[in-house]
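Visitor: What follows is each chain in one-letter form.
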Amino acid sequence: MSNLLELDNLQTTFRTHDGDVHAVRGVSFHVQAGELVGIVGESGCGKSVTCKSIIQLLGSNGRITGGQIRFNQDDLAQKTPQQMRAIRGNQIAMIFQDPMTALNPVLTIGKQMTEILVRNKGLSKKAAKAASIAMLEQVGIAEAARRYDQYPHEFSGGMRQRVMIAIALSCDPKLLIADEPTTALDVTIQAQILRLLKSLQQKTHTAILLITHDLGVVAQVCSRVVVMYGGLVMEEGSVEDIFYRPQHPYTQGLLASLPHPEQTSHRLSPIEGSPPGLLNPPPGCPFAERCPQRMPQCERQPAFYSQGAGHRAACWLLEDKGVQV
Amino acid sequence: MSEHNAPLVSVRDLRKHYRLNGGLLRKGVAVKAVDGVSFDIQPGETFGLVGESGCGKSTLGRAILRLFDITSGEIHFAGQEIAQASEKQLKPLRKRMQAIFQDPWSSLNPGMTVQQLVAEPMQIHGYSREEQRERTETLLYKVGLRQEHLQRYPHEFSGGQRQRISIARALSVRPEFVLCDEPLSALDVSVQAQVVNILQDLQQELGLTYLFIAHDLSMVRHISTRIGVMYLGKLVEVAPANTLYQHPAHPYTRALLAAVPQPDPRIRNLEQATLRGEIPGPTSVLPGCKFCSRCPHVMPVCRREEPAMQEIAPGHFAACWLFKV
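For the protein sequence lines, the chains are A and B, in the order given. My numbering applies: residue 40 is where the first sequence begins, and numbers increase by one. My numbering applies: residue 63 is where the second sequence begins, and numbers increase by one.
Don't read these hints as lab results, they were simulated from the structure. Backbone N, C-alpha and C define an ideal beta-carbon position, used for all residues, glycine too. A few of these clues could be false.
[What the hints assert, rightly or not] Computed footprint of chain B on chain A; a stretch qualifies when at least three of its residues, placed anywhere within it, have a C-beta under 8 Å from a C-beta of chain B: (1) 97-106; (2) 115-123; (3) 137-144; (4) 188-201; (5) 284-296; (6) 304-311.
[Claimed, not checked] Partial selection, computed: residues in chain A whose CB lies under 10 Å from chain B: (7) Gly83; (8) Ala230; (9) Ile281.
Chain A extracted, bound-state conformation:
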């Protein structure tokens, strides 16, 4: 299968009062058509900025300073804002953590849904309304025809996220970027939304790039996982590689810090310290400062070493155990 999306050494910088923040410092990974890939990491690791770089929603102070974003063999980093507008929504759609701020509070749900269909797909208003109601039904909103005329505040958090998903998928995008889509939701509603995303992915073959800090969410729905830390990819592999054969000390530490259901009397094993700031990122491996296995060479950035098909990690410990990739 060919790659739908390929990131090659992506670098994104934000200009702030305190200096340049290097939020993404050379990130490479790919997403195949129809695949569900997770990006997991802690706050400030660059996972959200990576995704916002793909669709170039970086705000006025953010800038892609290097690398390539190939989408269908086309480099998005070279597109004009006008060309990007044609791609956003049509070919790449995005849903965010907080569906209340993503929806316009003074427009009905129906108005917000048909607007996109009329503009992007050239449907008539009548056809757009029918398509919108069908889409609302598909994401599990009961009485869709009545709800169509309601305003966002009349919907609960879970229902709003369903509306967001309906809007995002209404133009049949090839890729859906979901940035912490269930973080603001309760656990029983989270389960409903994750099931919905997964079933829509299987039905429509839309690739999904799911950003989350929750390892449980990753294990439940993703087929491949990218682990990020300090603006860099630490490890990448299938969900089984990451959960059963983690190679990077950061991935290992993250999994070890979770409470074990059967051994509640055991002390937890946290990773000491806290994630690095990206104003003056450390020159070498960003995890070195907290790493229990730190060595002198960690002051230089390690290369990626292959740990099996599709599994790679950036750590000097693997220098003798895998081929550099």
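Chain A is fixed; fit chain B onto it per the hints.
Guide: This is chain B only, laid out in the frame that chain A set:
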């Protein structure tokens, strides 16, 4: 729900109703945030309180500390009735019950140094200057911060470090009881385990009793002795932590646990998480069981009459008609 020892905290039929302003002509509706809750907390235990947003768990925790006036019911703290106590009567008790809150960014005054923040409660409760200084240093060491941090301001610390400052501040006046209101929710995964370990170490060393409110069910299991599950202002189940997870009785508890995404790709449990619908608004008035609108086992009696809490196994309580003896 009597147990062997005299409980440190004892709550009977506690209610906290808020009146929503209905506007000029309409009568306001009552929000029954906590609606008839009874339970005990034994000295030295950690009582976990779980439930989805809006279930009333934070209101219940704060009502026990008497951070506001309650509507009705009894609260006994160390044998004293405090539900109707005046602010003056409460003051000597305040130092015996302290709190740690969710957001370490808003719970610490940004204009105060760490030293001032930790010493302030001691100042209020009449500790000598000498004692204030001594205890501040000891506590800082206990929560894993260093002498050089004393003169710094909150913005210079990470989320995990701020939560350590909050812990030192809460413990400065030697409380017996600490309300931990979602103290981990704002923290990164790798940092949560650090804070849990500190809380557990200090509990052992100082014989503390915790009321631990959270929505992360796996961390609650790890830290709690017993757990209470809340739904729409009611406790629906109380059991020892492991019993609750291994033999959940109430259909809501079962649904809640089934929805937790397990960090293990072999246990893809989300397909089994089948709870439909959403938590009704807290203003809705249902005559029967509050969960009957979502319950997969709903019976006619559930819609008519509210089930009472009863002991279904030693130490295991549930309020559900399925267990009516």
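Visitor: Would you check chain B against the stretch 97-106 of chain A, counting CB to CB pairs closer than 8 Å, and say if three or more residues qualify?
Guide: Violated - the stretch 97-106 of chain A has 0 residues with a Cβ nearer than 8 Å to chain B, which falls short of three.
Visitor: A closest beta-carbon separation below 10 Å is what the hint needs, so does Ile281 (chain A) meet it against chain B?
Guide: holds (9 Å)
Visitor: Taking beta carbons only, do three or more residues of the stretch 115-123 of chain A come closer than 8 Å to chain B?
Guide: Answer violated; 0 residues pass the 8 Å Cβ test.
Visitor: Okay, the stretch 188-201 of chain A and chain B, do three or more residues pass the C-beta test at under 8 Å?
Guide: Satisfied; 3 residues make the cut.
Visitor: Is the coverage entry for the stretch 284-296 of chain A by chain B consistent with the three-residue Cβ rule at 8 Å?
Guide: Coverage by chain B holds for the stretch 284-296 of chain A (4 residues, Cβ < 8 Å).
Visitor: Holds or violated: Gly83 (chain A) as interface residue toward chain B, Cβ cutoff 10 Å?
Guide: holds (9 Å)
Visitor: Could you check if Ala230 (chain A) really has its C-beta closer than 10 Å to a C-beta on chain B?
Guide: Hint on Ala230 (chain A): holds, closest Cβ of chain B at ~4 Å, below 10 Å.
Visitor: Take the stretch 304-311 of chain A, compare each residue's beta carbon with every beta carbon of chain B, and decide whether three or more fall closer than 8 Å.
Guide: holds (count 6)
Visitor: Under a C-beta cut-off of less than 8 Å, do 3 or more residues of the stretch 137-144 of chain A approach chain B closely enough to confirm the stated coverage?
Guide: That given contact is violated, which follows from only 0 residues of the stretch 137-144 of chain A lying within Cβ reach (below 8 Å) of chain B.
This entry does not satisfy hints 1, 2 and 3, going by the numbered hints stated previously.
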